[in-house]
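So the sequence lines, in the order shown, correspond to chains A and B.
Under my numbering, read the first sequence as residues 2 to 275, first letter to last.
Under my numbering, read the second sequence as residues 4 to 311, first letter to last.
Just to be clear, a hint being listed does not mean it is correct.
As the list claims (entries may be wrong) - Some chain B residues close to chain A (C-beta under 8 Å, calculated; not the full set):
1) Thr63
2) Asn93
3) Arg225
4) Leu246
To be verified - Capping the alpha-carbon separation at 30 Å, the derived lysine-lysine pairs in DSSO-like fashion look like this:
5) Lys105(A) to Lys145(B)
6) Lys119(B) to Lys145(B)
7) Lys105(A) to Lys272(A)
8) Lys185(A) to Lys272(A)
9) Lys272(A) to Lys145(B)
10) Lys145(B) to Lys132(B)
11) Lys114(B) to Lys132(B)
12) Lys134(B) to Lys114(B)
13) Lys233(B) to Lys223(B)
14) Lys119(B) to Lys132(B)
15) Lys134(B) to Lys119(B)
16) Lys223(B) to Lys307(B)
17) Lys145(B) to Lys114(B)
18) Lys134(B) to Lys145(B)
19) Lys105(A) to Lys119(B)
20) Lys105(A) to Lys223(B)
21) Lys105(A) to Lys185(A)
22) Lys105(A) to Lys233(B)
23) Lys307(B) to Lys233(B)
24) Lys105(A) to Lys134(B)
25) Lys145(B) to Lys185(A)
What the hints assert, rightly or not - Every beta carbon over 12 Å from chain A, so not counted as near; a handful from chain B, in silico:
26) Gly54
27) Phe98
28) Ala108
29) Gly109
30) Gly143
31) His197
32) Pro242
33) Leu257
Think of the hints as simulated: they come from the structure by calculation, not from any bench.
Glycine residues also receive a C-beta, built at the ideal position from the N, C-alpha and C atoms.
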Amino acid sequence: MIGLEARRAGEAERVERRGWSGFRGPWTLFEKEVRRFLRVPGQTIVSPVITTVLYLVVFGYALGGRLREVNGIPYLSFIVPGLVMLGVISNAFLNTSSSMFIMKLQETVVDLLVSPLRYGEIVAAMVGAASVRALLVGLLTWAVAIVAQGEVLLVHLGYAIAFPLLTSVGLSALGLFVGIWAEKFEHVNLVPTFVITPLTFLGGVFYDVGQLPGVFATLSHFNPVLYLVEGFRFGLLGTSAIEPAFSLAGLVVFDVGLVLLCMGILRSGWKLRS
Amino acid sequence: MSERASVVRIEGLTKHYGPLVALDSVSLDIHAGEIFALLGPNGAGKTTLIGCVSGLVIPTAGAATVLGWDTRRDYRRTRRVVGLVPQEINFDPFFTVEETLRFQAGYFGVKLEEAKLTEILEALDLGRKRKAGTRELSGGMKRRLLIGKALVHDPKVLFLDEPTAGVDVELRRDLWAYVRRLRERGTTIVLTTHYLEEAQELADRVGVIDRGRLLLVEEKRRLLARLGQKTLRLRLREPIAALPAGLAEAGAVLAEGGRVVEITRPGEAELGSELASALGAGLAVRDVDTLRSDLEEIYVQLLKKGGA
Chain A
2 MIGLEARRAG
12 EAERVERRGW
22 SGFRGPWTLF
32 EKEVRRFLRV
42 PGQTIVSPVI
52 TTVLYLVVFG
62 YALGGRLREV
72 NGIPYLSFIV
82 PGLVMLGVIS
92 NAFLNTSSSM
102 FIMKLQETVV
112 DLLVSPLRYG
122 EIVAAMVGAA
132 SVRALLVGLL
142 TWAVAIVAQG
152 EVLLVHLGYA
162 IAFPLLTSVG
172 LSALGLFVGI
182 WAEKFEHVNL
192 VPTFVITPLT
202 FLGGVFYDVG
212 QLPGVFATLS
222 HFNPVLYLVE
232 GFRFGLLGTS
242 AIEPAFSLAG
252 LVVFDVGLVL
262 LCMGILRSGW
272 KLRS
Chain B
4 MSERASVVRI
14 EGLTKHYGPL
24 VALDSVSLDI
34 HAGEIFALLG
44 PNGAGKTTLI
54 GCVSGLVIPT
64 AGAATVLGWD
74 TRRDYRRTRR
84 VVGLVPQEIN
94 FDPFFTVEET
104 LRFQAGYFGV
114 KLEEAKLTEI
124 LEALDLGRKR
134 KAGTRELSGG
144 MKRRLLIGKA
154 LVHDPKVLFL
164 DEPTAGVDVE
174 LRRDLWAYVR
184 RLRERGTTIV
194 LTTHYLEEAQ
204 ELADRVGVID
214 RGRLLLVEEK
224 RRLLARLGQK
234 TLRLRLREPI
244 AALPAGLAEA
254 GAVLAEGGRV
264 VEITRPGEAE
274 LGSELASALG
284 AGLAVRDVDT
294 LRSDLEEIYV
304 QLLKKGGA
């Protein structure tokens, strides 16, 4: 590169250096996404917590009076991990899917597409912000559960942190993928309605899969949500129907796969660039 | 002009949408510090061309560079020096005007300093709306906010895609003045517009595109001189039945029932000798008027011919 080309490149470099910070871009997107859900806390934080608390009250107290214990654990305590994960899973997914879809609908996604943000930075910022919301909902649900139980149950801290954290990452990435793919609101609701909610309810939130009749117990093991709920249950209560390390390894693979998928489709411009 | 540095270089840019050819091997250089107006009817390929350079459209073939950097391979570098005002108004109703501008600067890795923020808000007459939610803004304000968003990172090249569509006349003139100020400060500006008056008012050079093909690129003044026409209109004291012999041979015509004599010449021609001939022929002239064809007439003429 000589002469004019070199001068142009030099000018571009100077522009690049002036007042520019590499970390500011993704941080700004992260901050914007967090502020977006905090602008409507009733909808994004309080409402999911109340819904989950209602499950706790209805299933924990009403049904719990009859079931009393599951594998030696009070029923109220038994359902807490599943309810926390229910909040984490649905909120992680909803935050990214709705945010990306609304950005497309309002055409503000153009702001991201013309920016110098790396594809990985966009994924990291959006997944990070959605994870903050999901973990906040999970934490508040757990806090309410502690009050209801009257004690803090936390047996394996590492698993108790790893499962919600990695679950929120994976489901946020899945939500981002669906938000990019969706062409109408119906598409955004498709996955939570027909996939996430059924799998969560059939994923051992309210019952012990070991107590299901043979074929249903076997079928349950094809439900990925079961591994998430049981893994977190191991973290809080020290008991699980599935080896938690195995679940954790699967979750890591799921997260990496979805994050790479999101980066790939952003790079390709699929559904975003014409 | 050939010595001027090219800030944007487009070479053989082609874009197909299935069987539709939106851009057909377009090559174009945008010079540093100029205002370049890209004209064309709806669906001509103006927005697609801008999209290819700014990153919204993936070209089927060809390449574009900004300041020497390839827009696809070095996208982070090129996007940092390009600002885009899209045709469609977009806004995020969750945030205020100030937040919107700060976030946009942040995406480009830039901290929006207070002085810069104030300058943009004042220039776009949005100072009083700084803390207002974007949904509270009128259509014209939202469009100005779009311009503000495109300026927060001090772009070297600013693409304005129909920047004054739906904006009232007074505001349009204010925006034109601001665009000129940006150019004076060294920003290269590429604008697409339906308002030919806008191109005539602002542009240094003009490009005409139709059905994906670039029909013409030329300096506005040269274009007006080359393809435009000037008409000398002589309003007479009394109507006449026929032109004096010399004038008829020179191509003059009678109009308005013999009350007006019209002599038409190419845009770059001088009309002094024609005026002298008319007076010399003994015409009793009451008033003299000259008409100059504008960009709009040339544009219509070009599209009819499919090139120049």
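So, going through the hints one by one against the coordinates:
1. Thr63: violated (11 Å)
2. Asn93: holds (4 Å)
3. Arg225: Not OK, violated: Arg225(B) not within 8 Å of chain A, min 24 Å.
4. Leu246: violated (57 Å)
5. Lys105(A) to Lys145(B): holds (18 Å)
6. Lys119(B) to Lys145(B): Holds, at roughly 19 Å.
7. Lys105(A) to Lys272(A): The hint holds at about 10 Å.
8. Lys185(A) to Lys272(A): Answer holds: Lys185(A) to Lys272(A) is near 12 Å, not above 30 Å.
9. Lys272(A) to Lys145(B): Given pair Lys272(A), Lys145(B) holds - Cα atoms ~26 Å apart, limit 30 Å.
10. Lys145(B) to Lys132(B): The given pair, whose Cα atoms are some 11 Å apart, holds under the 30 Å limit.
11. Lys114(B) to Lys132(B): holds (21 Å)
12. Lys134(B) to Lys114(B): holds (18 Å)
13. Lys233(B) to Lys223(B): With a Cα-Cα distance of about 16 Å, the restraint between Lys233(B) and Lys223(B) holds, given a limit of 30 Å.
14. Lys119(B) to Lys132(B): holds (16 Å)
15. Lys134(B) to Lys119(B): holds (16 Å)
16. Lys223(B) to Lys307(B): With Cα atoms ~19 Å apart, Lys223(B) and Lys307(B) stay inside 30 Å; holds.
17. Lys145(B) to Lys114(B): Satisfied, since the Cα-Cα distance of roughly 22 Å is no more than 30 Å.
18. Lys134(B) to Lys145(B): Judged against 30 Å, a Cα distance of about 14 Å means the pair holds.
19. Lys105(A) to Lys119(B): Given that 30 Å is the threshold and the Cα spacing comes to 29 Å, the pair holds.
20. Lys105(A) to Lys223(B): Violated, at about 38 Å.
21. Lys105(A) to Lys185(A): Holds, because 10 Å separates the two Cα atoms, which is no more than 30 Å.
22. Lys105(A) to Lys233(B): Measuring from Cα to Cα gives roughly 50 Å; hence the hint is violated.
23. Lys307(B) to Lys233(B): holds (21 Å)
24. Lys105(A) to Lys134(B): OK: Lys105(A) and Lys134(B) at ~25 Å, within 30 Å.
25. Lys145(B) to Lys185(A): holds (25 Å)
26. Gly54: Label violated. Min Cβ-Cβ 7 Å, cutoff 12 Å.
27. Phe98: Contrary to the label, Phe98(B) does not stay out of reach of chain A, its closest Cβ about 8 Å off (not over 12 Å).
28. Ala108: Contrary to the label, Ala108(B) does not stay out of reach of chain A, its closest Cβ about 8 Å off (not over 12 Å).
29. Gly109: violated (3 Å)
30. Gly143: holds (18 Å)
31. His197: Given a closest Cβ separation of 20 Å, the condition holds.
32. Pro242: Fine: 60 Å to the nearest Cβ keeps Pro242(B) off the interface.
33. Leu257: holds (55 Å)
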